[in-house]
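Turn these sequences into a full structure, and let the hints steer you where they fit.
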Amino acid sequence: MEWMTSAEGWIALLTLTVLEIVLGIDNIVFISILAGKLPRDQRERARKVGLSLAMVIRIGLLLSITWVMRLTTPLFAVVGQEISGRDLILIGGGLFLLAKATHEIHDKLEGEEGQASVTVVKSFGAVITQILLLDIVFSLDSVITAVGMAEDIAVMVLAVVMAVGVMLVSSSMIGAFVDRHPTVKMLALSFLLLIGVSLIAEGFEQHIPKGYIYFAMGFSVFVEMINLRVRAKSAPVQFHQRYTD
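At the far end of the sequence shown sits residue 263, using this note's numbering, and the numbering has no gaps.
Note that these hints are calculated values from the structure, not bench results. Mixed in with the good hints there might be a few duds.
As the list claims (entries may be wrong) - Label-pair restraints from in silico Cβ distances:
#1 Glu242 x Phe142: 31 to 41 Å
#2 Ala144 x Ile226: 43 to 53 Å
#3 Leu127 x Gly103: 12 to 22 Å
#4 Arg58 x Phe195: 24 to 34 Å
#5 Arg198 x Leu106: 38 to 48 Å
#6 Ala234 x Arg198: 17 to 27 Å
#7 Glu20 x Lys66: 28 to 38 Å
#8 Thr90 x Trp28: 26 to 36 Å
#9 Asp59 x Phe222: 49 to 59 Å
#10 Trp28 x Val255: 48 to 58 Å
#11 Phe195 x Thr90: 38 to 48 Å
Ideal Cβ positions, reconstructed from N, Cα and C, are used throughout, including at glycine.
What follows is the structure, encoded as structure tokens:
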């Protein structure tokens with residue numbers, strides 16, 4: 019619990035929690051669509067079960083990835099640079115975040131509208147099964163982001179629990195805010211690019227101090243808050259929605 023006595027630990031927890039919430043909006047939207055196929059009296063229960071499953075899956079992935087990252091014995095060398103299991107996780111995770119963020123940015127701005135509408139059987143078990151599979155896919159970028167932003171596993175797990183807790187209580191309000199201000203979503207995706215580069219550098223033993231990353235994110239959010247106040251009356255761009263009811 020050394021992170022509790024350091025400012026960087028608290029900054030990491032706050033920043034990661036907010037980022038997990040914003041990046042989890044798509045997960046909430048998809049869960050809501052799936053739950054919407056159920057009878058009205060089962061929808062709220064399915065949404066809560068889905069988000070709870072997301073939390074459990076993310077914590078499980080966090081624990082497994084952090085265990086693998088302890089494997090520091092060199093496996094092979096590339097251009098004189100020794101690569102271990104930990105390095106492979108970092109480099110692979112960084113490349114995944116770069117690809118994921120780039121794909122999402124393209125999908126939001128140039129993708130087809132409603133090209134992957136979801137149709138499911140109207141049974142609670144079938145819906146929960148699909149939500150479970152969905153959570154596994156959506157958890158990958160969340161977990162890799164946590165690994166890239168925080169160094170203490172307790173910070174990562176606590177951030178995930180807090181983010182899911184906030185989403186359980188106020189998912190509709192958060193979703194409406196992101197819909198009204200799509201630049202917030204775009205900013206979060208750009209943060210994924212930043213974290214991806216940091217992970218790749220770390221995998222090649224080029225350490226970038228987390229403070230620089232936190233400062234870049236914090237300054238960007240500060241500028242965006244000013245933009246939202248100054249341009250409050252201008253109509254925002256409308257993102258393409260891949261998943262429609």
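Status of the given 28 to 38 Å range, CB of lysine 66 versus CB of glutamate 20: holds (34 Å)
Satisfaction of the hinted span 38 to 48 Å by the C-beta atoms belonging to arginine 198 and leucine 106: holds (41 Å)
Cβ distance range 26 to 36 Å for threonine 90 and tryptophan 28, holds or violated: holds (28 Å)
Outcome for the supplied range 12 to 22 Å, where the beta carbon pair is leucine 127 and glycine 103: violated (37 Å)
Alanine 234 paired with arginine 198, Cβ distance criterion 17 to 27 Å: holds (25 Å)
Distance restraint hint 43 to 53 Å, applied to the beta-carbon atoms of alanine 144 and isoleucine 226: With a Cβ separation near 45 Å, alanine 144 and isoleucine 226 satisfy 43 to 53 Å, so the hint holds.
Supplied distance hint 38 to 48 Å, evaluated on CB atoms of phenylalanine 195 and threonine 90: holds (42 Å)
Range hint 48 to 58 Å (beta carbons of tryptophan 28 and valine 255) holds or violated: Taking Cβ atoms as reference, tryptophan 28 and valine 255 lie about 34 Å apart, which means the hint is violated.
Arginine 58 versus phenylalanine 195 beta-carbon gap, inside 24 to 34 Å or not: Check passed, 25 Å falls within 24 to 34 Å.
Verdict for glutamate 242, phenylalanine 142 (Cβ pair) under range 31 to 41 Å: holds (40 Å)
Cβ distance range 49 to 59 Å for aspartate 59 and phenylalanine 222, holds or violated: At roughly 54 Å between Cβ atoms, phenylalanine 222 and aspartate 59 fall inside 49 to 59 Å, so the hint holds.
Against the hints set out earlier in the document, violations occur for numbers 3, 10.
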